[in-house]
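Novice: Kindly generate the complete structure, drawing on both the sequences and the hints.
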Amino acid sequence: MYQIPKQKMARSRKSKDWAKECIRAFINRSSFSTSTKHTIQTYYEAYNGNLREADYNYVTNPYNSEAWAKKNFPARLRNYNILKPIVDLMLGEKAKRPLAYQVVVRNADIESRFDKFRQTEFKKYLEQVFVNEANAVGIDTGQPSMELPAAEEYMDQVYSNYKDSRAIIGQEVLNYLFDWLGMEDQIQKMFFDWLVAGECYSYKDVCMNDVTYDVVSPLDIDFEKGPDVDYIEDADWVVRRQIMSVNQVVDRFYDVLSPKDIDQLEMPTAKHRDGYGGAQSMFINKPEDDESDRMVEVLHVCWKSFSRVGILSFTDELGQQQEMVVDETYKKAEDEEITYYWVNEVWEGYQIDKDIYVSFNPHPVQRNEMNNISVCKLPYNGRVYSNRHSDNISLISMGLPYQVLYNVFHYRLELSIAKNKDKIMLMEMNTIPKRHGWDEEKFMYYADAMGFAFIDSTAEGKNNERVTFNQYQVLDMSLGQYIAAQFQLLQAIKAEWEENIGVSRQRKGQVKTSDGLGSNERAIFQSSVISEEIFRRFESFLEREYAGLIDTSKIAWREGKKMTYVTSDLRTALISIDPEEYQEAEYGVFVKNNSREQDKLQQMKSLTMALAQNGQQPSTIAEILDSNNFSKIKTLLNEVDNKQKELQEQQQQAQQQAAQQQAQAQQQLQQQSQAYDAEQRERDRALKLELKKMDVAQKVSSDADGNGRRDDIDKKRLDLEREKINLQRQKG
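Under the working numbering, the sequence shown has 642 at position 661, and the numbering climbs by one with no breaks.
Derived from the structure by calculation, the hints contain no laboratory data. No experiment lies behind these values; they were computed from the predicted model shown. Do not take every clue at face value.
Said to hold, decoys possible - Distance condition first, Cα-Cα at most 20 Å in a straight line; then the derived SDA-like pairs of lysine to any residue:
id: 1; residue 1: Lys542; residue 2: Pro345
id: 2; residue 1: Lys104; residue 2: Pro125
id: 3; residue 1: Lys18; residue 2: Ser198
id: 4; residue 1: Lys206; residue 2: Asn501
id: 5; residue 1: Lys674; residue 2: Glu663
id: 6; residue 1: Lys75; residue 2: Arg517
id: 7; residue 1: Lys(-11); residue 2: Val356
id: 8; residue 1: Lys335; residue 2: Arg5
id: 9; residue 1: Lys415; residue 2: Gly442
id: 10; residue 1: Lys170; residue 2: Glu513
id: 11; residue 1: Lys489; residue 2: Ser521
id: 12; residue 1: Lys170; residue 2: Phe54
id: 13; residue 1: Lys543; residue 2: Asp242
id: 14; residue 1: Lys402; residue 2: Asn29
id: 15; residue 1: Lys77; residue 2: Ser512
id: 16; residue 1: Lys335; residue 2: Arg10
id: 17; residue 1: Lys335; residue 2: Leu238
id: 18; residue 1: Lys542; residue 2: Glu565
id: 19; residue 1: Lys1; residue 2: Pro(-14)
id: 20; residue 1: Lys669; residue 2: Asn707
id: 21; residue 1: Lys402; residue 2: Arg10
id: 22; residue 1: Lys489; residue 2: Asn501
id: 23; residue 1: Lys415; residue 2: Ala434
id: 24; residue 1: Lys77; residue 2: Ser521
id: 25; residue 1: Lys77; residue 2: Asp160
id: 26; residue 1: Lys(-3); residue 2: Asp242
id: 27; residue 1: Lys402; residue 2: Gly432
id: 28; residue 1: Lys170; residue 2: Arg518
id: 29; residue 1: Lys674; residue 2: Asp658
id: 30; residue 1: Lys402; residue 2: Arg57
id: 31; residue 1: Lys170; residue 2: Asp160
id: 32; residue 1: Lys423; residue 2: Ile405
id: 33; residue 1: Lys65; residue 2: Asn29
Specialist: See below:
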């Protein structure tokens, strides 16, 4: 084993030879042909239903016989896969689980930013209060009055509605990366490795000012296995193996390969004998005239070295004391102070075809923490399911003994079927009527075809004795009950395997008519509880992955970026990254308990019928059914509630306006009625006064027709009487 070179040295002393020694040392500490890798390979083979008959020799050849005829039993060992359906069931459930994650900012200045936001919002509140009071006393402010809640209630709303703009950008960035990198497919691929091998690994990097993401096979990675390392990104070193063609190598490293290196790649010094994907990689000396194999092994090494950095203390233009991180080459001024520290730094390098070394330098994505500059993370990340104080296990490793036992019992069942001969009758061969031209073949033909056969009752035995018929007997060679018992045993093995990992028949949709609703729900709940730990550990790994993607994007988009992506509801979203604000943010990602999220989603979707009956819009119902995130549903329902509140307020305002208009109409009608009554009373009073005047005039005037009254007065009086009658009719 190579000695790891000294890491605590200045950057200027870390030469090309030093980097090569580091790469060789860590490669020699790694291994891709161990028994552990071979075991993982057998897990993948078991999932695909491939078996090696040599593993079953203790059953098919229990006496270790070398003679072919003595081990050629009338049965063949076959694989009856009971592992793949369970893995596929878990994969299907994972695909249906909602992707519930939330991005938050963990910077120390988040409290000061919130205080500033709170002061701004409270200032707006006070300004609106002043506008309302001024408008109430008749002062023209030029702004409309608005109904405001109490001050305490308003501040509670401000506190609950506060969202850091950096967190919003981080959430949008993660949504974009999900679409850009096809993370749903990548997650399913890693979850498949998690179920089969009990391990899953990934690689994050920056390429062409963008983020790249790869899923790494458990067979092609090795790392420092510390006792307290839960995630591979916190390990000291990691080595990844890739088998690439010469053209693929040139495509990837054309800018760092010399012409001499490319000449060597066309005639590799080592030859890859085993197929890629196997557990072992064996290289042997290759003849110069052999050009049949152009596959090259590329090893990527990442390790943590040491770097000397300083904390620079200085006074800015405003007289404030400031601090910043500088490297060891910084030349300080007279009024500056620097305190130096040795911190971790991630380095990387590639070994191609045994002796070509390229791209050895500090990794561009260090992923330091703001409160601890020594913390850095490797670009590779992964997790092992259960290796605490023991060898790791996986879903397939737990089921492999059941698979072997299941195949063995199927083999024994096939042997039993081959031995099953039903009932056999023993009879004397001399009774066959050979004198009539019958032989054994004709006798068996008639017995099978017609159900009966003829015998010769006069037949004689070998010693000319008379053959008696009381020697016939029937042997029962049937193994039906034994076969049925073996079949039940097979079902018991399968049921025990599924129960061991928490997959009940109710979970698979196999419900009997005798099962009650409560018992089915209890069985499904208990089943999900047993297997929930498999999902929970993987989702905690995904939480680290999401944070790593955001950290990597901060380096990839350090000059800013504008991009669009298609959301889950097929809408086009636009993101514009401000490099200064985005770079200074330290993001954290929290993944909610997806089993609970799924339960809430199902319960919410079950209420869509009630929402439809209560008059909700069909588009809202469709949005709820199409959503796979409960937070999104809450946002959608909040928008619906706000719209309903606005509609109710508009309806109340319309009702108030209608009531006011109706009251005004009634008041106007009442005023018109009062004016009309006053007018009628005035006319009535005038008529009465006129009649009285006429009566007075009659007393002093002459009568032309001799009736004691003037004729013109009589006519006018009659007109007044008619008008009075008409006026009374109108009142009535």
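Novice: Each hint needs a verdict: does it hold in this structure or not?
Specialist: Hints, verified against the model:
1. Lys542 - Pro345: Within the cut-off at roughly 18 Å; holds.
2. Lys104 - Pro125: Within the cut-off at roughly 17 Å; holds.
3. Lys18 - Ser198: It holds: about 11 Å lies between the C-alpha atoms, which stays within 20 Å.
4. Lys206 - Asn501: 43 Å, violated
5. Lys674 - Glu663: 16 Å, holds
6. Lys75 - Arg517: 11 Å, holds
7. Lys(-11) - Val356: 16 Å, holds
8. Lys335 - Arg5: 9 Å, holds
9. Lys415 - Gly442: 13 Å, holds
10. Lys170 - Glu513: Measuring from Cα to Cα gives roughly 19 Å; hence the hint holds.
11. Lys489 - Ser521: Answer violated: Lys489 to Ser521 is near 26 Å, above 20 Å.
12. Lys170 - Phe54: 41 Å, violated
13. Lys543 - Asp242: With a Cα-Cα distance of about 39 Å, the restraint between Lys543 and Asp242 is violated, given a limit of 20 Å.
14. Lys402 - Asn29: 35 Å, violated
15. Lys77 - Ser512: 15 Å, holds
16. Lys335 - Arg10: 15 Å, holds
17. Lys335 - Leu238: 14 Å, holds
18. Lys542 - Glu565: Distance ~16 Å between Lys542 and Glu565 Cα, so the pair holds.
19. Lys1 - Pro(-14): 10 Å, holds
20. Lys669 - Asn707: With Cα atoms ~14 Å apart, Lys669 and Asn707 stay inside 20 Å; holds.
21. Lys402 - Arg10: This hinted pair is violated, its Cα atoms lying about 61 Å apart.
22. Lys489 - Asn501: Holds. Lys489 to Asn501 sits at ~11 Å (cutoff 20 Å).
23. Lys415 - Ala434: 13 Å, holds
24. Lys77 - Ser521: Roughly 18 Å between the alpha carbons, so the hint for Lys77 and Ser521 holds.
25. Lys77 - Asp160: 17 Å, holds
26. Lys(-3) - Asp242: The given pair, whose Cα atoms are some 16 Å apart, holds under the 20 Å limit.
27. Lys402 - Gly432: 18 Å, holds
28. Lys170 - Arg518: 16 Å, holds
29. Lys674 - Asp658: Violated, at about 24 Å.
30. Lys402 - Arg57: 19 Å, holds
31. Lys170 - Asp160: Within the cut-off at roughly 16 Å; holds.
32. Lys423 - Ile405: Status holds; Cα separation ~18 Å.
33. Lys65 - Asn29: OK: Lys65 and Asn29 at ~7 Å, within 20 Å.
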